[in-house]
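Q: Given next are the chains, with one letter for each unit.
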Amino acid sequence: MEILLAVIVGVLYAAGVYMLLRRSIVKFIIGIIFMSNATNLLVFLSAGLVQGSPAFVNDTTVDTAHLADPTPQALVLTAIVIGLGMVVFILALKYKYFEITGTDDLDQLKQTDTHP
Amino acid sequence: MNSIALPLLLPFAIAIGLLLVRSAVMSRWVGPLGSLAMLVVAVYLNFKVQQDGILTLNTGGWIAPFGIALVVDYLSSLMLVVSSLIAFVIALFANRNLPDDIPLSRFYFFFFTLNMGVNGAFITGDVFNLYVWFEVMLISSFVLITLGKKKAQLEGGIKYLALNIMGSMLFLAGLGLLYGKTGTLNMAHLAGILKNDHQAILMNPSSVLFFVAFGIKAAVFPLYFWLPSSYHTPDITISSLFAGLLTKVGVYTLIRFFTLFFVQDQVFWHNLLLIVAGLTMVTGGMAAATYYDTRRILSYHIISQIGYMIMGLGIFTPLAIAGAVFFTIHNMIAKTGTFIAAGLIAKIKGTYELKEVGGLYRQNPLLAVLFIIPAFALAGFPPISGFFAKFMLLKAGVDSGQYLITAIALITGFFTLYSMIKIWNEAFLKKQPEGRETGPGVKLQFADYAPLVILAGASLLMGIFAAPVFDYVMQAGDQLFEPSAYINAVLTPQLP
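Quick note, the sequences are listed as chains H and W, same order. Residue numbers for the first sequence follow this note's numbering, so the first one is 1079 and each next one is one higher. Residue numbers for the second sequence follow this note's numbering, so the first one is 218 and each next one is one higher.
Keep in mind the hints are simulated off the structure, nothing from the lab. Some clues are possibly wrong.
[Unchecked claim] Coverage of chain H stretches by chain W, computed from C-beta distances (three or more under 8 Å per stretch; other residues unrestricted): (1) 1102 to 1111; (2) 1151 to 1164; (3) 1169 to 1178.
Treat the numbers as computed from the prediction; the structure is a model and nothing was measured. Think of the CB as a built atom: it goes at the ideal place given N, C-alpha and C, for glycine as much as any other residue.
With the hints as constraints, model all of the structure from the sequences given.
A: The structure is reproduced here in structure tokens:
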């Protein structure tokens, strides 16, 4: 299972980078979403997967050796929420940019880099 | 020890208050007074650290390393003081200078959330918590940079956002790998584990990810391209705020991480840091020389100066690290000062383009003096702050036999001087170009000068009273170089 997830992380990163390098801003945002999900999965995987065990126990449970580690799950929850906020903001920014310039082409974004 | 949480709670409470009461008249008072309160808290914490040693707070009553620890040591408290000073000055500047299409209450809301993120990054002792503060800081800065909703600002905002969001993801990925290998995210605990680790090379995947992530935030050599293409787009108030605070948080985290727990494999890392530092200095300094827009010149200068701070980290002796700390605080003050001076020039003349302005020395000698102090501080003239900071770095470089980087640092000093002299000549000394309007003819009042007076004064005082500052940063450098005090302070169980 870990191998499979690791492969998925790799594929998501590759797809994300591919989309980031496209010329359209929307595709760029899709790339961001891919990469953010790949990162979340990576963090989730970092503590290893434990099958069928709870992350939290009450006082009656004795065997603490086979518990799932709750920390990465908590971290990933936080990271997902933050990632969602970022994506919402960048979508709003893209909408505003489209409203003002009427273009979705990243190659048009040269104004702030060139000599005036 | 609950006062440690005040640098976070105070801006948070003010931001919430501003969200509920959207009065422009009230914001005008809340902005400077709130940031002044932050400054008072920071100074209080600084005194307390000097008195009692490292302060820690285990939030929620969870004993470290399980809970989130807030730690204030010499470096953190110094950064808190300087960043709150910058915030106070920018609040004064914003009241006079922010254009009418940006509502003050909205600006101050994001201003205080940004400061909360910056303060949080300075005092947290937990890697994931640091990530969260970074995100708080980033999302506030995204909104601030696009607040004017002009085309250039949105474009700059997209570029700024694109690279910084990548940096955040790399940060998170590095954090995941770090947790997978060590099972902890508490910085002191990590330091304790990794100090006696014999498979240090295994840490390099995470440290590379962290280095790239913080390198993007700090704008070091191959990763800085977002900065010059976005910093000149927003209103100058916001540019000055970013110039003073944001990249320095990246430098702070680099210093923290690479002195506290990424200390394995030193040969590789210190050489890499020195190479990056040299290239950052030279490329930033040379690029600045090609522009005639004050904001672009100063933006490239931020990059060039970041190189000095990384150089101190790469030399890695107590003196070098102390020099890097000194340089960081000097740079925060002087850089914000030059940006504000550029804003005042534009306020009088109506443009940032140096070819179209001139004659300011005759028109406004006070502004000339107030510009030349932070500008010469950046160039490293005695007896202003920059001279001593640079001297410490150069001495540390010579002492440890790093002659090449020392030479590069010296040469870059001339680039800095060239750019500052260029602004000085073009804006102040040369005559007003013929056929150009003399600008909107705004008469500056004392309130316009006040922020610049404070910063120039701070820069000058740091130079004249360099000895106490030197003692302080040397202690900070020793504390960073020998982190056992930090580790003990955090990990020793405390009674609530």
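Q: I'd like to know which numbered hints this structure contradicts. Please list them from smallest to largest.
A: When the structure is compared with the hints, none of them turns out to be violated.
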